[in-house]
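**Student:** Listed below are the residues making up each chain.
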Amino acid sequence: MTKHKSSKTKKSKSVFRRLISAKVIITLLLLITVAAAVSIATLDFRVRSEFEGKRWALPAKVYARPLELYIGAPLSINDLKIELRALGYQFVDKVNLPGQVAFSASSATLSTRGFLFPDEHEQARQLVLEFSGESLSQIRSADQQALTLIRLEPALIGGIYPLNNEDRDLIQLQDAPQAFIDALIAIEDRDFYDHFGISPKGIARATLANIRAGAFVQGGSTLTQQLIKNFYLTADRKLMRKMLEVPMAMILEWHYSKEEILEAYLNEVYLGQSGNRAIHGFGLGAAHYFAQPIQELKLHQLALLAGLVRGPSYYDPRRNPERAKQRRNLVLSVLHQQGSISDEEYMLASTAELEVVAAGSSMKEAYPAYIDLVKRQLRREYKDEDLGSEGLQIFTSLDPISQHKAETSLISTIDDLSKTHGERLSKLQGSMVVTDPQTGEVLALIGDRNTRFQGFNRALDASRPIGSLVKPAVYLTALEQGYTLISELDDSPFSLTLPNQQPWTPKNFDGKSYGRVPLHAALTHSYNLSTAQLGMELGVDKVIHTLKRLGVERQMDAYPSLLLGAQSLSTLEVAAMYQTIAASGFQIPPRTIRTVTDSAGEALSSYPFQLQQSIDEKPMYLLQYNLQQVTRSGTARSIYQQLPMNINSAGKTGTSDQQRDSWFAGFTGNRLAVVWLGLDDNSPMPITGSSGALRAWTKYIAQEPLQSFEPATPEGVVMFWIDPLSGKLADGLCENATQIPFIAGTQPTETAACAMPEETFTENPIKRSIDWVKDIFR
Amino acid sequence: MLKNVTKPFFIMTLMVMFLSACSTAPVSYKPPVESREIPSRSQTPETAQTRPEPAQAATPQALPVPPPGSTSTDLPATQPAPTPSNPAVLALLSDAEKYQQQGNMAAAQSRLQRAQRIAPRDPKVYYQLAQTHYELEDYRLAEQVALKGVSYAQGNYAEQKRFWLLLVDIRLKAGDGAGATAAREQASRY
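Residue numbers (my numbering), protein chains in the order written: chain A, 1 to 778; chain B, 1 to 190.
Wrong hints could be hidden among the right ones.
Covered, in the sense of this in silico footprint (three residues per stretch, anywhere, with C-beta under 8 angstroms from a C-beta of chain A), are these stretches of chain B [to be verified]:
| # | segment |
| --- | --- |
| 1 | 161–168 |
| 2 | 176–184 |
Listed next, the in silico SDA-like pairs over lysine to any residue satisfying Cα-Cα at most 20 angstroms (straight line) [what the hints assert, rightly or not]:
| # | chain 1 | residue 1 | chain 2 | residue 2 |
| --- | --- | --- | --- | --- |
| 3 | A | Lys81 | A | Ala702 |
| 4 | A | Lys258 | A | Lys383 |
| 5 | A | Lys298 | A | Lys325 |
| 6 | A | Lys383 | A | Ala702 |
| 7 | B | Lys98 | A | Lys298 |
| 8 | B | Lys98 | A | Lys258 |
| 9 | B | Lys98 | A | Lys383 |
| 10 | B | Lys173 | A | Gln612 |
| 11 | B | Lys161 | B | Lys173 |
| 12 | B | Lys161 | A | Gly716 |
| 13 | B | Lys98 | A | Gln612 |
| 14 | B | Lys98 | A | Lys325 |
In short, the hints are calculated from the structure, not lab data. Predicted model only: the values in this text are computed from it and were never measured. All residues carry an ideal CB built from backbone N, CA and C; glycine is no exception.
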């Protein structure tokens with residue numbers, strides 16, 4: 001009974017069980033179907049939304065100023081060569097393609113690449129440029145039309161990178177040469193145009209090849225799979241990744257065309273490393289390895305790029321050139337076998353040198369000090385994450401030609417001084433700022449003797465005592481308060497008790513004292529005694545006020561030693577200060593950025609020419625006159641051993657206490673440059689402003705196409721003949737008389753004996769003109 | 001006592017200073033360089049746009065001396081002909097003018113700043129640039145640019161008058177009545 005019962009129970013149980021298990025299976029099946037559907041939908045959504053919305057974090061691109069070509073432009077044929085090298089032009093015998101140039105003795109034929117500027121599109125075209133000495137004398141198009149104004153494309157001089165340090169330069173599919181696409185598909189994914197995301201044929205082929213070789217020589221991954229791997233799965237665990245790769249590749253293929261997938265691949269792929277900057281995409285790859293746009297590369301270069309995908313580090317053409325060449329030739333032989341290239345093309349390409357540019361020669365890393373300043377100016381308006389990800393284009397005023405000349409001048413001067421003075425100056429450092437004094441644009445900046453060093457930027461961050469560079473502020477204060485260029489100053493020794501009870505006993509550089517000297521002589525020869533006494537009379541706070549109006553923004557303490565240059569400033573601050581002098585009393589803050597655009601070229605912000613008159617033009621004109629005496633006959637007169645006499649220049653030497661700093665700040669009509677030399681540990685040096693910084697300055701300025709400094713004589717400034725013996729009014733007949741500018745009304749009233757024959761006193765023409773001037777100003 | 005000792009020093013210094021300066025013969029007035037064009041070094045000063053070298057330019061101590069009698073209060077009898085602008089600058093100025101008429105001041109400014117880099121002393125550039133800032137109601141900057149232009153228009157009365165008249169408008173808009181009156185007086189002098 002129990003048995004029966006039990007069997008019955010068993011039976012009903014098994015029916016029940018069957019019922020349950022059927023339900024479970026159905027439910028399970030349903031669940032699985034739903035789960036599968038959900039996960040496919042999720043995957044599908046993920047693939048689609050990310051692919052369509054895919055925006056790479058695009059680094060900001062920083063450009064140099066474009067070179068303007070017009071008749072009369074101050075450009076020598078050598079300057080053009082410097083510019084075109086920075087742009088990666090090929091120097092050839094006959095120009096066929098954009099990015100090529102051919103030179104003759106006094107002309108150049110080049111094919112430009114064109115550029116989409118924020119204001120207009122500059123067409124790519126062929127140009128013939130004729131030079132006459134230091135300037136451009138003619139511009140013609142290929143069909144002999146005379147042209148008025150052309151802009152070359154600007155050199156890419158740097159980037160601002162996202163946190164992951166990925167750098168890329170987006171290209172479109174049509175930018176990639178067909179030969180390159182052929183090479184890439186031939187070596188990475190032969191069935192690309194036929195498969196549906198994965199390639200069984202490819203896997204079979206790879207497996208066979210690997211078995212034959214007894215090693216892993218070929219992968220069966222399609223371009224689509226590789227893209228999925230890089231695009232979506234980088235952070236995932238390995239097994240998960242493998243499992244998802246195949247369905248995702250298929251989904252991608254289902255939704256998108258081969259062209260869309262290929263274009264994404266071209267921009268995503270990793271191609272190498274430059275410091276901590278990761279090189280992504282073939283657009284940047286071309287620039288990184290060949291310093292040229294991909295459109296301009298030769299077949300063998302394209303084959304190398306395509307070959308690099310497999311192992312950018314293993315096949316690095318710089319570190320492993322032999323391996324890279326073998327890989328390149330493998331790509332070429334595949335192309336040859338499948339008939340994509342002719343026998344001749346194959347022979348030519350496979351015997352070519354690699355033609356890779358040296359590591360560290362990239363223009364993108366050439367100007368770290370300048371880019372540093374650009375970034376600081378940008379951060380006032382833009383967030384770091386936008387700078388590194390929005391693909392902004394930043395157009396700056398860096399002039400690669402001026403920068404090149406500044407670098408060679410500063411570095412060769414430092415090298416010479418290190419050699420002459422041996423151990424004491426072996427670690428000599430320097431910084432330099434070059435601006436256009438008319439516009440305030442910064443043209444060049446150097447922050448270290450190793451100009452590619454991305455570190456401490458002395459031009460911005462090293463504040464050093466400016467020595468006699470401060471003196472123009474003292475004399476300007478005096479000239480504003482009614483002193484004239486011939487006012488007598490006292491250059492006798494003195495001592496002062498400072499608030500801290502320390503005595504202050506300044507000395508002249510040569511230890512002498514010059515007694516009573518005319519004001520302009522004291523500045524021309526940089527006398528300390530007369531300057532300090534003048535400054536004390538005027539008041540240190542007044543001099544500080546003048547420094548502020550000259551554009552020095554920092555807080556300064558009113559110690560008497562400020563009068564002789566104890567105040568520390570950076571090279572850039574000194575440039576801003578002298579800029580105001582060069583611009584006749586208008587403050588024009590140094591600027592580096594012209595325009596910022598978004599990635600499509602739409603202007604986001606532009607930085608107009610800013611200026612503010614802060615000093616009256618009349619006393620400034622007198623100071624400018626005096627600073628020209630410094631370079632003609634004063635402490636900087638050595639300038640004219642190299643500069644043509646017809647070029648007026650103005651400036652001031654500076655040497656700090658115990659010769660710890662060597663400075664020169666000066667300008668011509670079209671260039672302002674400030675040079676600092678010194679040691680990082682602040683120790684005294686065997687050089688002064690004249691024997692150090694001035695040499696670098698002169699070397700630089702002499703290489704530039706120069707314009708004379710010719711300030712307009714302001715209203716209310718009058719030239720008078722002065723007799724140097726008496727300091728009284730003279731005329732052209734007086735022996736040794738010279739013309740000196742005065743603010744009308746401040747000229748001497750007495751006339752020197754030589755100019756005043758008694759019988760003609762009332763007819764004296766100078767007297768008449770003075771009276772006339774007096775009438776005007778009454 | 002010190003004074004007695006230093007007198008000869010003073011005289012000597014002055015002599016050294018001026019010895020050479022006086023050898024610089026007065027140069028005839030030429031308008032300032034108005035563009036970045038530079039003459040090739042082989043060219044003669046006549047064809048050059050820069051001021052001719054001083055007669056005694058070979059002496060290293062030759063001081064730059066502004067032309068005698070070039071005081072503003074003493075208007076020269078003959079007015080120097082304004083230097084013609086570089087064709088590239090003219091093209092940019094006329095482009096800019098077109099944009100100004102269309103009311104596109106940003107586009108006009110980008111042309112004008114390009115022109116300024118080529119010819120930073122051409123007053124016409126500053127005139128149009130001041131106009132754009134005026135249109136954009138940035139009267140401070142408009143005034144500053146116009147003032148800079150006045151100094152580059154030195155010797156060209158018609159141009160100076162034009163600037164002062166513009167300054168009258170700018171200052172009126174900026175609410176600076178006294179400044180406007182002063183500018184009007186300046187304008188009436190030419």
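**Student:** Compare the structure with each hint and give your call.
**Tutor:** Hints, verified against the model:
1. 161–168: That given contact is violated, which follows from only 0 residues of the segment 161–168 of chain B lying within Cβ reach (below 8 angstroms) of chain A.
2. 176–184: violated (count 0)
3. A:Lys81 <-> A:Ala702: Given that 20 angstroms is the threshold and the Cα spacing comes to 18 angstroms, the pair holds.
4. A:Lys258 <-> A:Lys383: The given pair, whose Cα atoms are some 37 angstroms apart, is violated under the 20 angstroms limit.
5. A:Lys298 <-> A:Lys325: Holds, because 15 angstroms separates the two Cα atoms, which is no more than 20 angstroms.
6. A:Lys383 <-> A:Ala702: Not OK: A:Lys383 and A:Ala702 at ~41 angstroms, beyond 20 angstroms, violated.
7. B:Lys98 <-> A:Lys298: At roughly 44 angstroms apart (the allowed maximum being 20 angstroms), A:Lys298 and B:Lys98 break the hint.
8. B:Lys98 <-> A:Lys258: violated, 47 angstroms
9. B:Lys98 <-> A:Lys383: Since the Cα atoms of B:Lys98 and A:Lys383 sit roughly 36 angstroms apart, the hinted pair is violated (cutoff 20 angstroms).
10. B:Lys173 <-> A:Gln612: holds, 19 angstroms
11. B:Lys161 <-> B:Lys173: Holds, at roughly 19 angstroms.
12. B:Lys161 <-> A:Gly716: holds, 18 angstroms
13. B:Lys98 <-> A:Gln612: violated, 28 angstroms
14. B:Lys98 <-> A:Lys325: Not satisfied, since the Cα-Cα distance of roughly 57 angstroms exceeds 20 angstroms.
Violated hints, in rising order: 1, 2, 4, 6, 7, 8, 9, 13 and 14; the structure is consistent with all others.
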